[in-house]
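Sequences listed follow chains Z and L, in order. Quick note, my numbering runs 644 ahead of the 1-based positions in the first sequence. Quick note, my numbering runs 3 ahead of the 1-based positions in the second sequence.
Just so you know, these hints were derived from the structure itself, not from any lab. Keep in mind that this is a model prediction, so the values were computed, not measured. Where is the CB? At the ideal position from N, CA and C, for every residue including glycine. Any given hint might turn out to be false.
To be verified - In silico DSS-like pairs for lysine-lysine, Cα to Cα no more than 30 Å straight-line:
hint: 1; chain 1: L; residue 1: K223; chain 2: L; residue 2: K390
hint: 2; chain 1: L; residue 1: K257; chain 2: Z; residue 2: K671
hint: 3; chain 1: Z; residue 1: K671; chain 2: L; residue 2: K270
hint: 4; chain 1: Z; residue 1: K715; chain 2: L; residue 2: K80
Stated by the list, open to error - Chain L stretches covered by chain Z per the calculated footprint, using a threshold of three residues with CB under 8 Å from any CB of chain Z:
hint: 5; region: 72 to 79
hint: 6; region: 395 to 406
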Amino acid sequence: MLPENLKQYPAAAALAKKMDAAITGGKFEFQELTIDVDAAQIVNVCKALKTDLGWNRLSAVTCVDWHPKQKGRFEVVYHVQNTTTWERLRVKAAVDDVPAPQLPEIDSVTSVWAGANWYEREIYDMFGIAFRNHPDLKRILMPVDWVGYPLRKDFPVHGYKYSYKSE
Amino acid sequence: MSKVLHVEEHQVASELAPQAPESETGARRMTVNMGPQHPSTHGVLRIVIDLEGETIVRAEPDIGYLHTGIEKECEVKTWQQVVTLTDRVDYLSNLGNNLCYALAVEKLLQIEIPERAQWLRVMMTEFSRLNSHLVWFGTHALDIGAMSVFFYCFREREEILKILEMFSGQRMMTSYIRIGGCALDAPRGWEKVVRKFIDGFPSKVDEYEGLLETNPIWLKRTKGVGFIPLETMLEWGITGPMVRAAGLAMDARKNAPYSSYEKFDFKVPTRTENDVYSRYRIRLDEMRESAKIIRQAIDGMPSGRFQADAPKVVLPDREKMKTQMEALIYHFKIVTEGFRVPAGEVFQVIESPRGEIGYYIVSDGTSHPYRIHMRTPSFGNIQGLPKMIEGCLIADTIAAMGSMDFVLGDTDR
Numbered sequence: 645m646l647p648e649n650l651k652q653y654p655a656a657a658a659l660a661k662k663m664d665a666a667i668t669g670g671k672f673e674f675q676e677l678t679i680d681v682d683a684a685q686i687v688n689v690c691k692a693l694k695t696d697l698g699w700n701r702l703s704a705v706t707c708v709d710w711h712p713k714q715k716g717r718f719e720v721v722y723h724v725q726n727t728t729t730w731e732r733l734r735v736k737a738a739v740d741d742v743p744a745p746q747l748p749e750i751d752s753v754t755s756v757w758a759g760a761n762w763y764e765r766e767i768y769d770m771f772g773i774a775f776r777n778h779p780d781l782k783r784i785l786m787p788v789d790w791v792g793y794p795l796r797k798d799f800p801v802h803g804y805k806y807s808y809k810s811e
Numbered sequence: 004m005s006k007v008l009h010v011e012e013h014q015v016a017s018e019l020a021p022q023a024p025e026s027e028t029g030a031r032r033m034t035v036n037m038g039p040q041h042p043s044t045h046g047v048l049r050i051v052i053d054l055e056g057e058t059i060v061r062a063e064p065d066i067g068y069l070h071t072g073i074e075k076e077c078e079v080k081t082w083q084q085v086v087t088l089t090d091r092v093d094y095l096s097n098l099g100n101n102l103c104y105a106l107a108v109e110k111l112l113q114i115e116i117p118e119r120a121q122w123l124r125v126m127m128t129e130f131s132r133l134n135s136h137l138v139w140f141g142t143h144a145l146d147i148g149a150m151s152v153f154f155y156c157f158r159e160r161e162e163i164l165k166i167l168e169m170f171s172g173q174r175m176m177t178s179y180i181r182i183g184g185c186a187l188d189a190p191r192g193w194e195k196v197v198r199k200f201i202d203g204f205p206s207k208v209d210e211y212e213g214l215l216e217t218n219p220i221w222l223k224r225t226k227g228v229g230f231i232p233l234e235t236m237l238e239w240g241i242t243g244p245m246v247r248a249a250g251l252a253m254d255a256r257k258n259a260p261y262s263s264y265e266k267f268d269f270k271v272p273t274r275t276e277n278d279v280y281s282r283y284r285i286r287l288d289e290m291r292e293s294a295k296i297i298r299q300a301i302d303g304m305p306s307g308r309f310q311a312d313a314p315k316v317v318l319p320d321r322e323k324m325k326t327q328m329e330a331l332i333y334h335f336k337i338v339t340e341g342f343r344v345p346a347g348e349v350f351q352v353i354e355s356p357r358g359e360i361g362y363y364i365v366s367d368g369t370s371h372p373y374r375i376h377m378r379t380p381s382f383g384n385i386q387g388l389p390k391m392i393e394g395c396l397i398a399d400t401i402a403a404m405g406s407m408d409f410v411l412g413d414t415d416r
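Isolated chain Z, as found in the complex (with noise of 0.2 Å):
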C-alpha cells in the first residue's frame, strides 16, 4: 500500500495503480522520492516501471548494509530514470539476512534491464547477495578467490586474514 502523503506525486500514484500490493511504504526527501517494495515482486515491479510507466533507463543498483538487524537486513537500491522527462526514482527491496553459509537471495533484474548485469555482480562480490537468473554471477572488483564480502558492516577495514606481514 502507498503511504497516504505519497498520493500526490504522480510517479508514486501511478506506480500504486498498477503494483499496489507491491509496494511497502516510501518517502520524498530532499525533493527525491522512494519507493519501497517487497523484494519478492521487485522483478514485476521493474517491468512495470519500464514498459508502463516510462523509467526507460537504470542509472544503478546498490545495497546497504543495516548490520545488526537481522530482518531486512539489506537494502537494494535501485536509482531509476526517465529520459524525456529527466526525472529520478528511487526503488529500494528489503533482504533478510541468512545464518552464514547461504546467501541472501533477491531476483535478478537483468531480464528487464540488461545493465542492471554489473551492478548486480558488484553487490554479489561486495556484499554477498546471490541473485537469482542473474546470467553471469561472479566477483567483478575483487580477486576471484577471495574470501568474505568486504562491503559488509561486519567485514573489518584492516586486519582481516591477509597482512604485508604474511606475504
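Got chain Z; can you put chain L on it based on the hints?
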C-alpha cells in the same frame, strides 16, 4: 564454506583464461588477452577477446585491477576527510567528483552555498572538464597514430594545471571544492591570468581541429567506426559524449541544473552519426562551450563569501579564532570529531566529462558516512563496451575504446 567457494570460483578463473574454443563456422577461433598492460587501455583493463580472423566475435572486459576500496574507506573517515578520497576516484576530473560529493552532503545538511562559491565551483569544474578532454584528445589521437596532437594538447593542459595550482595550491589532486564552499578564495589577480588563457583557447581548439580535420588517415580510421545504437547504450548504462553523439541531449547541467548552471548560457552539442568521428567532434565542441562558460564566470563573478555561513561545518577564520571563544570551540570540534550530518539518503548527479556521476549517500546521523556509493560513468561505459566492439576489426577496437574515454580508477574505485 570457504572451500566450496574457492573451487567454484576457480572454475570461473579458468573460464576467463585464454583458450581456443570450437567455432561453428569452422574457422579457427582464437582467444586473445588484451591488457591488463596494453597501452591503448589507458590503465589496467583486461579484455578477453575471441577472434575469428581479425574480427571480434566475443569480448569480455575484466576489471578490478585498480580497486582500492574507496567506498569502504569512506565509511571510517569524517565527512570532510572523504573529499580527498573523491579526488582519487576519477583522477582526470577530480573537481567534478568533489563537487558531486559536496552537493550531496550539502543537500543532507541543508546549507545554503553563497553565489560566489557556486560560480567558483562552476568555473573550476569546467577547467577540469577541459583538462580531461585535452588528455583524452591527445592520447586518443596518439593511439590512432597522430602523435603531434598529444604535444599540442599537453601544452594547454599545462596552463590549466598552473591555473588549478594558483587557485588551490595543487596541480592535480586539488580537493578545492569542500563541503560548505571552496577551500580558498580566488587568488589576487586571477581574472587577468584566467582571461588571458581563455581568450587564446578557442583558437587552440581550431588548431587541433586543423591538425586532424583534413588528415585522410584520421578520417578513414574514425568515420563509421564504433557504431552502437542509442537504445543499446541506454540499456547498458552508457552515458556522456557517447550518448550525445547519438543524438540524445543527455546532460545533467541542462536537465537537472546544479550549482547555478542554469545561470550560464551554453549549448549541449549533439550529433547523429554515432561513430568515433562524431564523438571527437562532440568533445571539441564541448571544449568550446566550456570556454564560453568560463568566460561568463570571469565576467559575472559575484562578490561575497566563498564559504557558507555555517559555523558548525565550515572551519572558522584564523583571525576570529584568536579573539572569539566560540570560533576556537567550533574549530576544535570540527577538527577532532568532525561535524554530524542528519540521517537521510540522497542521490546527487552531475555531468562529468565522461558522463553521469552519481553519489548515493546514506547518513545515520553520525560524523562518518554510513554508506557512499559512487555511480561512476566509466563503470557503466565499460559494461557496454563489448556491445560496441563485437563485430569490429581488432584494429578498430583501439579507436572505438579511445572514443569511449574511460578512466580505470573511475571504474574500479
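Outcome of the hint check:
1. L/K223 - L/K390: holds, 22 Å
2. L/K257 - Z/K671: holds, 26 Å
3. Z/K671 - L/K270: The given pair, whose Cα atoms are some 35 Å apart, is violated under the 30 Å limit.
4. Z/K715 - L/K80: This hinted pair holds, its Cα atoms lying about 28 Å apart.
5. 72 to 79: With 6 residues in contact (Cβ-Cβ under 8 Å with chain Z), the coverage given for the region 72 to 79 of chain L holds.
6. 395 to 406: violated (count 0)
In this structure, the hints that do not hold are numbers 3 and 6, in rising order.
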